[in-house]
Amino acid sequence: MREQAFFFLVLFAALTSIIFLSAIIISIFSEGAKIFQSYGISDFVFGTSWHPDQNPAEYGILTLIAGSVLVTLISLAIGLPLGVGTAVYIAELAGPRQREILKPAVELLAGIPSVIFGLFGMVFLGPWIASLFGLPTILNAAVAGVMLGIMIVPIVTSISEDAISSVPKSLREASLALGANTWETITRVVVPSAKSGIITAIVLGFGRSVGETMVVLMLAGNSAQFPKSLFSSVRPMTSTIAAEMGEAPMGSTHVAALFGIGVVLFIITLFSNAITEYFRTRVRKTKIKI
Amino acid sequence: MKTKQIRRYTQAAGFAVLRFAAYFSIIFLLLFIVLLFSKGGAVFFKYRIHEKTVTDLTVKNMVINNAVVLNNTPYSILINEGTIIEGTVHQGSVIDADIEEDEDYAENTAISRLTIHKLSVERARLLDYSADFVFSSEYKNTWREPDTSGSYAHIADITAVKPELYRGFNYRPREYRNFVQENDKEICITHTNIAFEGGEISYTTVYEGTLIDVPLSLCVKRPSLYFITSVPQEGMTGGGIYPAILGTGYMTLLAILFAFPIGVLAAIFLNEYAYPPLLVKIIRIAINTLAGVPSIVYGLFGMVVFVNYFNLSISILSGSLTLAILILPIIINAAEEALKVVPLEYREAALGLGASKRQMIWTVVLPAGLPNILTGAIIAVGRAAGETAPILFTAAAFYLIGNPSLLKPCMALPYHIYALMTEGTADVQTTIAYGTAIVLLALVLVINGTAIIIRYRIRKKRNL
Chain A
1 MREQAFFFLV LFAALTSIIF LSAIIISIFS EGAKIFQSYG ISDFVFGTSW
51 HPDQNPAEYG ILTLIAGSVL VTLISLAIGL PLGVGTAVYI AELAGPRQRE
101 ILKPAVELLA GIPSVIFGLF GMVFLGPWIA SLFGLPTILN AAVAGVMLGI
151 MIVPIVTSIS EDAISSVPKS LREASLALGA NTWETITRVV VPSAKSGIIT
201 AIVLGFGRSV GETMVVLMLA GNSAQFPKSL FSSVRPMTST IAAEMGEAPM
251 GSTHVAALFG IGVVLFIITL FSNAITEYFR TRVRKTKIKI
Chain B
291 MKTKQIRRYT QAAGFAVLRF AAYFSIIFLL LFIVLLFSKG GAVFFKYRIH
341 EKTVTDLTVK NMVINNAVVL NNTPYSILIN EGTIIEGTVH QGSVIDADIE
391 EDEDYAENTA ISRLTIHKLS VERARLLDYS ADFVFSSEYK NTWREPDTSG
441 SYAHIADITA VKPELYRGFN YRPREYRNFV QENDKEICIT HTNIAFEGGE
491 ISYTTVYEGT LIDVPLSLCV KRPSLYFITS VPQEGMTGGG IYPAILGTGY
541 MTLLAILFAF PIGVLAAIFL NEYAYPPLLV KIIRIAINTL AGVPSIVYGL
591 FGMVVFVNYF NLSISILSGS LTLAILILPI IINAAEEALK VVPLEYREAA
641 LGLGASKRQM IWTVVLPAGL PNILTGAIIA VGRAAGETAP ILFTAAAFYL
691 IGNPSLLKPC MALPYHIYAL MTEGTADVQT TIAYGTAIVL LALVLVINGT
741 AIIIRYRIRK KRNL
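Protein chains in written order, with this note's numbering: chain A, 1 to 290; chain B, 291 to 754.
The hints are simulated quantities; they were obtained by calculation from the structure and are not laboratory data. Everything hinted at is true.
Within a straight-line C-alpha distance of at most 20 angstroms, the following computed SDA-like cross-link-like pairs (lysine to any residue) qualify:
hint, chain 1, residue 1, chain 2, residue 2
1, A, K195, A, S170
2, A, K103, B, F305
3, B, K294, A, T185
Rough simulated footprint, nothing fancy, chain B against chain A, three-plus residues with beta-carbon under 8 angstroms:
hint, stretch
4, 13-26
5, 268-279
Because the structure is a prediction, the values reported are computed rather than measured. Heads up, the beta-carbon is just placed ideally off N, CA and C, and yes, glycines get one too.
Taking the hints into account, I'd like the entire structure generated from these sequences.
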């Protein structure tokens with residue numbers, strides 16, 4: 001009897017994750033559905049002008065999506081080489097001593113709150129980039145992207161490191177025996193073998209960057225327009241929600257539109273998660289095969 | 291031969307790049323800490339008035355307005371920016387002076403701008419005048435209304451003979467209002483006689499250009515915890531961040547209280563029971579999806595469900611429930627990993643001794659996995675403490691002091707930084723934002739550092 005009760009207790013605890021996920025989906029989608037109904041899904045997603053305060057208000061989020069994509073691409077351009085490089089170094093080159101320093105450092109970096117990255121970008125990186133390129137404003141897509149890129153380094157590192165260390169030793173030994181040096185072994189054998197893990201890292205890093213709020217809210221410059229260059233001021237989806245939710249009157253179309261953005265974000269991250277899962281299971285399977 | 295060299299160089303260059311990437315995290319962490327402390331470290335010091343009597347203090351290039359100088363001795367006087375004339379000062383007026391100056395100043399009965407070069411006054415006494423106004427090239431326009439008596443003094447460029455004594459102090463006034471900050475430097479504007487960088491002189495005698503037995507009130511910088519123990523003051527331009535620390539503490543604590551039991555029990559289900567398989571698969575997908583949901587979406591969810599639907603209003607409770615759901619996947623994953631590494635022999639031994647499955651989990655598996663579970667929980671605490679987006683619409687308030695209550699909004703450290711940086715206007719607020727960031731960073735680094743150290747110890751013990 002008690003055994004049964006305990007089983008149901010832990011079962012219920014595990015089921016809460018399904019309950020919470022459903023609650024998130026229902027709450028976001030039911031609020032967001034209003035804008036899809038009244039404004040039309042394609043007008044909402046592919047509309048190019050976001051003007052909630054105009055009359056009639058326009059809720060096209062394509063510029064916001066473009067902002068998110070630009071910032072995310074910049075962040076991947078920064079975060080991937082750094083993260084994968086770190087992972088390769090830790091897994092292949094570092095001695096135990098170095099590993100003991102590097103791994104905690106990466107973990108500590110992972111723990112730094114995003115708002116501090118935002119602050120750092122606002123006061124140090126932003127002005128620095130602006131003076132380097134002679135920009136009129138310190139807040140733009142590049143600053144946000146670079147800070148985000150540094151922010152996703154830990155996640156990229158940990159996933160690529162898992163993938164790299166699961167590459168069997170025999171492959172390395174075979175490569176070395178054929179006369180390749182360590183560098184060639186890394187670039188032509190180890191990294192290609194860990195490809196699916198690294199793709200997982202890319203996708204997960206993408207999901208993180210798209211969903212991150214505070215850094216882009218503080219750094220991206222916040223103007224809803226199509227980016228013309230890396231240094232354009234953009235307004236990604238997350239920062240639109242964060243910046244406008246406080247001002248929008250409760251129950252208005254504007255709020256529904258913001259929830260609609262939430263729905264789009266949710267779907268994007270859902271996809272990136274699904275892809276991640278797919279590649280992860282592939283890594284697991286190949287590991288077992290060899 | 292040549293390709294061999296090229297290969298070797300490529301390898302060396304590649305290794306250098308990888309090493310840079312690997313050490314970048316450390317470089318960046320240090321950069322964070324150093325830059326934040328250099329900009330915001332000032333909030334951890336308080337300025338106290340330190341009374342002291344000194345001799346051998348030389349002044350030069352004093353500008354005195356409406357000063358009363360006894361003992362009519364002639365000396366060179368500079369009136370109005372550059373016109374040097376001979377004259378005598380008596381009772382605050384220039385006597386026998388051949389005054390050549392702007393018409394603007396001539397109308398003043400008392401001396402309006404009197405510069406004394408090479409102050410060679412014999413037994414002259416500077417009587418109570420107010421240094422309402424301190425300037426040097428950097429501190430122009432630090433203006434305060436003149437006293438009702440109409441007397442005020444300009445005092446500038448006073449250098450002390452013992453610079454180590456009087457320089458290098460940033461100064462604070464006795465009252466905040468007398469305090470002006472410009473270009474990152476702070477100056478004192480006080481009611482006393484002579485103010486200079488680092489302190490003030492209350493009343494003194496000048497002898498041959500030397501101030502004798504000067505009672506000094508120095509502003510001394512001392513480390514202080516006032517920033518984390520006091521409430522914001524002066525419209526968020528002064529005081530500390532105590533309510534924000536309290537708010538973050540309460541919310542984080544509540545979040546972990548909600549999430550920890552559920553997370554550990556869920557992990558027990560996933561690792562010890564894992565039945566029925568299809569349900570387990572669905573639950574895993576749900577957990578992984580939850581882990582990937584953007585934090586701002588959690589904020590929207592908290593707003594709809596807790597704030598509006600359950601009518602908890604924007605409050606600590608709503609915020610901590612939202613944060614609890616945010617950290618739940620982290621706790622479940624960490625707890626499951628922890629349970630996974632508990633050796634199977636433990637379970638077999640417990641079952642072999644006749645324990646039921648529940649007893650086995652409760653008395654053997656959980657205690658064995660507890661250190662690792664706690665490590666995960668600690669990391670989750672760090673995450674909850676630093677999140678801003680989920681509490682934006684569910685809990686955060688820019689300014690709210692007083693006792694925290696479950697159903698009231700609260701201040702929080704991460705939101706405080708954001709609000710100061712985006713809504714703040716005064717320069718001082720940036721300094722406070724840095725200070726808040728230092729507190730938050732220290733908090734998070736200590737929390738995560740603890741987790742790392744615990745894990746390291748566990749690993750070491752296991753290897754032995």
